[in-house]
Amino acid sequence: MAHQPQYIPCELDESSPGSSTSDLKTLSAPHNTPRRLHIQLTGAAIFIMLLLPLVGLLVQILVVHRFKLSSDSLITSASLGPTLAISHICSTVASISVPFVLGIEAYRLSQMWLESSHTGGENRPTPLQFGVLMDVLHGANLSAIWSGVTFIMGFGLVAKSQPLYRPHMLRRAVWLLLFLLGLAYACAGFETWLGVSSNPIPFPQLVQYAGTPPMMSRQVNQTLCDINGDTIVQGTYLCGLDHNHFLSVQWLEAEGIRTLTNTSVVNSVVFSDDQTAIMAPADIAIPDNLEFSAQSYGVSATCESVTAACVDLSAVVSTQPLVLTCPPSVNFNASFEAVGILNDTGNVYLRPETHLTTNTFRFGAVVTSDAFIGQDGQFTGDTGFFTHGKAGAWNVLVCDVDVLSMTYAYSNGSFKTLERSTVTDLNMTRRIAAYSTTNYITNGIANAVEGTGLVSGNYTVTFALELSRRLMALTGSIYEPSDSLGASVVVPTIGARLQLVPLIFLVATLVIYCLTALIIAILAQARQVSVPYVNLARERLIDPLTVVHSAFGHMEARKTWSDSPDRMFSVEDEGDRLNVGPIELDNGDMAFGITRRKPTL
Numbered sequence: 001m002a003h004q005p006q007y008i009p010c011e012l013d014e015s016s017p018g019s020s021t022s023d024l025k026t027l028s029a030p031h032n033t034p035r036r037l038h039i040q041l042t043g044a045a046i047f048i049m050l051l052l053p054l055v056g057l058l059v060q061i062l063v064v065h066r067f068k069l070s071s072d073s074l075i076t077s078a079s080l081g082p083t084l085a086i087s088h089i090c091s092t093v094a095s096i097s098v099p100f101v102l103g104i105e106a107y108r109l110s111q112m113w114l115e116s117s118h119t120g121g122e123n124r125p126t127p128l129q130f131g132v133l134m135d136v137l138h139g140a141n142l143s144a145i146w147s148g149v150t151f152i153m154g155f156g157l158v159a160k161s162q163p164l165y166r167p168h169m170l171r172r173a174v175w176l177l178l179f180l181l182g183l184a185y186a187c188a189g190f191e192t193w194l195g196v197s198s199n200p201i202p203f204p205q206l207v208q209y210a211g212t213p214p215m216m217s218r219q220v221n222q223t224l225c226d227i228n229g230d231t232i233v234q235g236t237y238l239c240g241l242d243h244n245h246f247l248s249v250q251w252l253e254a255e256g257i258r259t260l261t262n263t264s265v266v267n268s269v270v271f272s273d274d275q276t277a278i279m280a281p282a283d284i285a286i287p288d289n290l291e292f293s294a295q296s297y298g299v300s301a302t303c304e305s306v307t308a309a310c311v312d313l314s315a316v317v318s319t320q321p322l323v324l325t326c327p328p329s330v331n332f333n334a335s336f337e338a339v340g341i342l343n344d345t346g347n348v349y350l351r352p353e354t355h356l357t358t359n360t361f362r363f364g365a366v367v368t369s370d371a372f373i374g375q376d377g378q379f380t381g382d383t384g385f386f387t388h389g390k391a392g393a394w395n396v397l398v399c400d401v402d403v404l405s406m407t408y409a410y411s412n413g414s415f416k417t418l419e420r421s422t423v424t425d426l427n428m429t430r431r432i433a434a435y436s437t438t439n440y441i442t443n444g445i446a447n448a449v450e451g452t453g454l455v456s457g458n459y460t461v462t463f464a465l466e467l468s469r470r471l472m473a474l475t476g477s478i479y480e481p482s483d484s485l486g487a488s489v490v491v492p493t494i495g496a497r498l499q500l501v502p503l504i505f506l507v508a509t510l511v512i513y514c515l516t517a518l519i520i521a522i523l524a525q526a527r528q529v530s531v532p533y534v535n536l537a538r539e540r541l542i543d544p545l546t547v548v549h550s551a552f553g554h555m556e557a558r559k560t561w562s563d564s565p566d567r568m569f570s571v572e573d574e575g576d577r578l579n580v581g582p583i584e585l586d587n588g589d590m591a592f593g594i595t596r597r598k599p600t601l
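In UniProt numbering, the protein residues as written are 1 to 601.
Just to be clear, a hint being listed does not mean it is correct.
So the derived label-pair ranges between C-beta atoms look like this [stated by the list, open to error]:
id, residue 1, residue 2, range
1, Ile201, Leu313, 38 to 46 Å
2, Ile512, Pro127, 51 to 59 Å
3, Val196, Val491, 46 to 54 Å
4, Ser564, Ile512, 56 to 64 Å
5, Val490, Glu450, 22 to 30 Å
6, Asn447, Thr493, 40 to 48 Å
7, Ile519, Leu69, 26 to 34 Å
8, Ile96, Thr493, 17 to 25 Å
Quick caveat, the hints were computed from the structure, so don't treat them as lab data. Note that the structure is a prediction, hence the values are computed from the model and not measured. C-beta atoms are modelled at their ideal positions from N, C-alpha and C, and glycine is treated no differently.
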């Protein structure tokens, strides 16, 4: 069995040349234990250097600026240039920090080396292996990776000529460098991918409205109602909207017609995202860059065609008038002139504003059309129209109508319902019902939606929307502006569209790198605190100056205990200059090398 050399700590004797009491003190100095503060500060500095740009990137995108997710990208109000600059800093810091992380790992490798040297273990490199190990730790680049991987994998002439066991410390250093460089270069790759796949896009931002915001809500003008207080029907204040009494206040109706025809400069009827007709400011009254929330009134109607239930096909004769007989379940006494709000018995109210008792009501309509005439005795598609002889086509519709109190938000030309509830003021419903018996409702709705459903659209849905719009619009004169609930100004800015895949990969890679560096620092601190001489051994691994000193420097005992490689060298003179070239060895052989002796040329 081969003799296993034992690790023998070097001691200086006071009788030895160059030794002194100070030399002995040097052996017990802090140089003999790991520089704990150095490990802590270096590890903390690396972790902070990596973490700060990463946190800065996330704060830039997700905290300081607004953002939203699309299918494959993240859209942020952050400018593209600074965002990509921060991501570039992230990848750059990861690349330049690799040698520093390996410098901390060198403490653990040194511990392995020292312990194996003491016990004769396997973590003792040969000169060639030691050179490869130094190259890996000092170089920390692709060249070092290539030389390290090819050596430990047994590739190449040099590796094949060295059949000895590769120490674990060498393999650990190589694979760790490969892992760290892989992460660093992956960061650079993902950062490049992010840069080429991202593009600037408009991203308007909201700024709180300065000063008093425009009055965008709509409320009933009570002063106007009081002026027209003589228009009271059975205790209902119609604010001048009773169509049989409007002659004394014609301008009230005129504003309703202007609202209906979209010519008003004050009001307009619009549809929110849930298809509720709401009273809103006219388009010209809304600044282009304004977003706001407001309160108003609205009408929501849903209709269905019941023609099939009201026509007995077995009794239809083309040469005789069509007879409409609706079953009790429909609750609509349909006649060919019946259009309006229905009472409990299914008849049309003559004066609904005097009789309505709830804030929801039913509306019935028998609609005739020449546009839907088709084959006699047939229904036209899903429109509900039934063709009868040459008299035309007929449709019987029943609608449920709800008068609502609305809270809505306006943004970029669209209205979104925030809250809606049935109004509690019966007067409001009666005001809206006041014009239901006028020509604007009885004939106006059917004329406005004539032909819908033949090519596109749904007739009953369109009828319901037009019913809601007209009921709401005809009351346009009784409203006045009131305070908005909130208002913001839209400021046009240029943001960025960032592709999610490279962004997520970049962040994930940086997080893995940060955690790796932190774990290495913690392990270095935890496991090497009690190993003597680990600082000295570490310097022999990571600094080429220590190798040069061992080969060509003056061997002075006390200088070898310094953990500052440049302090290992004595004062040099002209005789210490090195020559390179052929030299004659002591046994007479010729070699090529570096020596203080003049080479043989």
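Evaluated hints:
no.	hint	verdict
1	Ile201 with Leu313: 38 to 46 Å	violated (59 Å)
2	Ile512 with Pro127: 51 to 59 Å	violated (35 Å)
3	Val196 with Val491: 46 to 54 Å	violated (29 Å)
4	Ser564 with Ile512: 56 to 64 Å	violated (34 Å)
5	Val490 with Glu450: 22 to 30 Å	violated (39 Å)
6	Asn447 with Thr493: 40 to 48 Å	holds (47 Å)
7	Ile519 with Leu69: 26 to 34 Å	holds (32 Å)
8	Ile96 with Thr493: 17 to 25 Å	violated (34 Å)
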